[in-house]
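Student: Construct all of the structure, not just a fragment, from the sequences and the given hints.
So the protein sequences, as listed, match chains X and Y. The letter at position 228 of the first sequence is residue 227 when you use numbering that gives the first Met the number 0, and the numbering goes up by one with no holes. The letter at position 79 of the second sequence is residue 78 when you use numbering that gives the first Met the number 0, and the numbering goes up by one with no holes.
None of the hints are false.
Sample of chain X residues at the chain Y side, in silico, Cβ under 8 Å:
{"no.": "1", "residue": "Glu4"}
{"no.": "2", "residue": "Glu11"}
{"no.": "3", "residue": "Ser15"}
{"no.": "4", "residue": "Arg315"}
{"no.": "5", "residue": "Leu319"}
{"no.": "6", "residue": "Lys321"}
{"no.": "7", "residue": "Ala322"}
{"no.": "8", "residue": "Gly324"}
{"no.": "9", "residue": "Pro327"}
Source of the hints: derived by calculation from the structure; they are not laboratory data. Note that the coordinates shown come from a computational prediction; the quantities given were computed from them, not determined experimentally. Beta carbons: idealized from backbone N, C-alpha and C, even for Gly.
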Amino acid sequence: MNGFESLRSGVEAIISHGLRSILTILGILIGVAAVILTVGLGEGAQANVNSAIASLGTNLLIVTPGSATTGGLKGGLGSATTLTIQDATTLANHAVAPDVAAVAPTVQKSEALTAGSNNWVAPVVGTTPSYEQIRNRSVASGSFFSQADLTEHANVAVLGPIVAASLFPSGGAVGQNINIGLRSFQVIGVMNSVGSTTAAANEDDQVLVPLDVAQSELFGRTQGNSISAIYIEATTKSTLGAAYQEINTTLLNLHGITTPSAADYTITAQSSLLSTASTVSKTLTVLLGGVAAISLLVGGIGVMNIMLVSVTERIREIGLRKALGATPGLIRRQFLIEALILGLAGGLGGVGLGLLGVVVLPHLIPNTVVVSPSAIVAAVLVSGAIGVVFGVYPASRAAHLAPIDALRSE
Amino acid sequence: MLERDRHNFSPEALRSDIGDLGDESAISTIAQLTGTGDDTVIELDQVTKTYRSGDLNVEALQGISLKIERGYFVAVMGPSGSGKSTLMHILGCLDTPTSGTHLLDGADVSGLSEIELAQVRNKKIGFVFQAFNLLSTLSAWRNVELPLIYAGIARNERKERAFEALGAVGLLTRSEHKPGQLSGGQQQRVAVARAIVTNPAIILADEPTGNLDSRAATDVLGLFDELHQKGRTVILITHEQDVANVARRIVHIRDGKIQSVDERSQ
Ligand SMILES: Nc1ncnc2c1ncn2[C@@H]1O[C@H](COP(=O)(O)OP(=O)(O)OP(=O)(O)O)[C@@H](O)[C@H]1O
Ligand SMILES: [Mg+2]
Chain X
0 MNGFESLRSG VEAIISHGLR SILTILGILI GVAAVILTVG LGEGAQANVN SAIASLGTNL
60 LIVTPGSATT GGLKGGLGSA TTLTIQDATT LANHAVAPDV AAVAPTVQKS EALTAGSNNW
120 VAPVVGTTPS YEQIRNRSVA SGSFFSQADL TEHANVAVLG PIVAASLFPS GGAVGQNINI
180 GLRSFQVIGV MNSVGSTTAA ANEDDQVLVP LDVAQSELFG RTQGNSISAI YIEATTKSTL
240 GAAYQEINTT LLNLHGITTP SAADYTITAQ SSLLSTASTV SKTLTVLLGG VAAISLLVGG
300 IGVMNIMLVS VTERIREIGL RKALGATPGL IRRQFLIEAL ILGLAGGLGG VGLGLLGVVV
360 LPHLIPNTVV VSPSAIVAAV LVSGAIGVVF GVYPASRAAH LAPIDALRSE
Chain Y
0 MLERDRHNFS PEALRSDIGD LGDESAISTI AQLTGTGDDT VIELDQVTKT YRSGDLNVEA
60 LQGISLKIER GYFVAVMGPS GSGKSTLMHI LGCLDTPTSG THLLDGADVS GLSEIELAQV
120 RNKKIGFVFQ AFNLLSTLSA WRNVELPLIY AGIARNERKE RAFEALGAVG LLTRSEHKPG
180 QLSGGQQQRV AVARAIVTNP AIILADEPTG NLDSRAATDV LGLFDELHQK GRTVILITHE
240 QDVANVARRI VHIRDGKIQS VDERSQ
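Tutor: Shown next as structure tokens:
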């Protein structure tokens, strides 16, 4: 009896117990589909997070006031007034920090905005023209403010798309005037949407104005010389680390701090955000994949269960086959092949269902699902292996039945 | 005794025999040459079988000594529970004796491994059971071909031989029918076809007519008689006298012991 005979006999046995076979296959099928979908969802989420973080800007370092470790004691992260315009201008000096390409200090405060009869409240951010480049932003219409606007204290503003839509519902914001607090500003541009919902604040809902105007005319009295954050672009991705060091040394010097652990500011690298985020989503993938793997295991136990039932039920058949000359090895092989077919059928069916889910799911939920070829191959191999592993015990039982006991049984 | 000496009493001798037995013409030649029946094919010496169920020991066979010559038609008769089926299972290498020796073609069967026993059953013995024992999911010819699968014969030849065997039992037209679509008598004829398809030297039948009406029984018994005429050793177990009357020798057993042996002229 060659392998083909065993295969044919296995397929026949499976077909002759149609419903039971389908139910067994279903257990594995659902497990495999779950693995493919959860891994796909996890990887999709990771891809989303990565692209969202990348949209924050490239080679980006962010300096914020207050220490990350002792911020709570110092009165809250960001509320400390430890960063100044001087810090920013020093860092922009190539002689001091050669690996820094551009620096954009920002000040920020929520303000009431009015345009005609429309009101809106949004953060107003004072910054420099290099903000556009450093943050990887672009204007949808009009233009960003220039170095000249900065030095001339021009009362100009660039609106985030949400602000523009709120103040000018019928469009045509560029060229109009708005009031920020009591001051009148001319709208010279509207930003493109960032679309990022992962950032702490929605950056589509803010107004950008030249730094000097913001300081002198908007928040001067309350914030003085201090700034909310400094966005810094390193020259290249590979010099990010060097830039980090230069910034750190410079700021420690400027602030007269001798022990680095006592720093009154925090430098955040975009890459660390990326790795944190991908760690989080990897953990998620592993977790979901683990749950799915357990369901696959349960499916495997289902195969074993059914194979044991099948051995018991076909005890007379086994006895007869032995009487007709089947060796224990052949009986074992026959049952193993049946289990393997059940496992593989479940695996392939599960891949089919999983791929269907990959196509259908994005229409139902906002998540991205990524097809992972390695997950598919692994799932099919594992389900085949599950069939064999969980088939070994029932198959051995069948193989070692005494022919006479098997024939006698009712 | 001379005849015995010719045999080598080792499992190896039996192993080497497995290959060349089953050739019908060779068997009938031997049967003709040894018409007086001195070529012993089965020999039991003081065979006992004790079943253990809990503290209770059932002595199903209590010292059976028996010689069956090649080409003989032997009926084993006895009341229910006398140990007929137990005897057949031992003769068919489906079960092993508790004590005593069982020689098949002069070789001691107890020395064979499970795999070798499977090969002996496949090549030397054809079984017919009272309950037919056909696989309900397979058609008649697929049932008949089963022993040939285990003999490692190619599909084309299997089909040819299965149809030949079905022709021999007069069921060629039903070869594609499943057991459920056949009458009891037809099912038993399929089982007979399955028993003869490998050309075994020995046919063992345990109450083959037990589930059949008298006409179907006559048909099936006719088949056994035909097989006997062709030189095969046929051992038929029954508790009906008129069934046993087909045989050349009738062994009566009772309570696990041989009571008498009738030699009949034909
Ligand atoms: N597996 C077993 N365990 C215990 N006792 C058994 C077993 N098989 C058979 N027996 C006993 O052995 C004795 C002989 O049984 P066997 O089946 O050989 O009888 P039989 O002559 O074939 O009877 P029948 O004509 O009813 O088929 C009986 O008493 C039976 O109860
Ligand atoms: Mg019986």
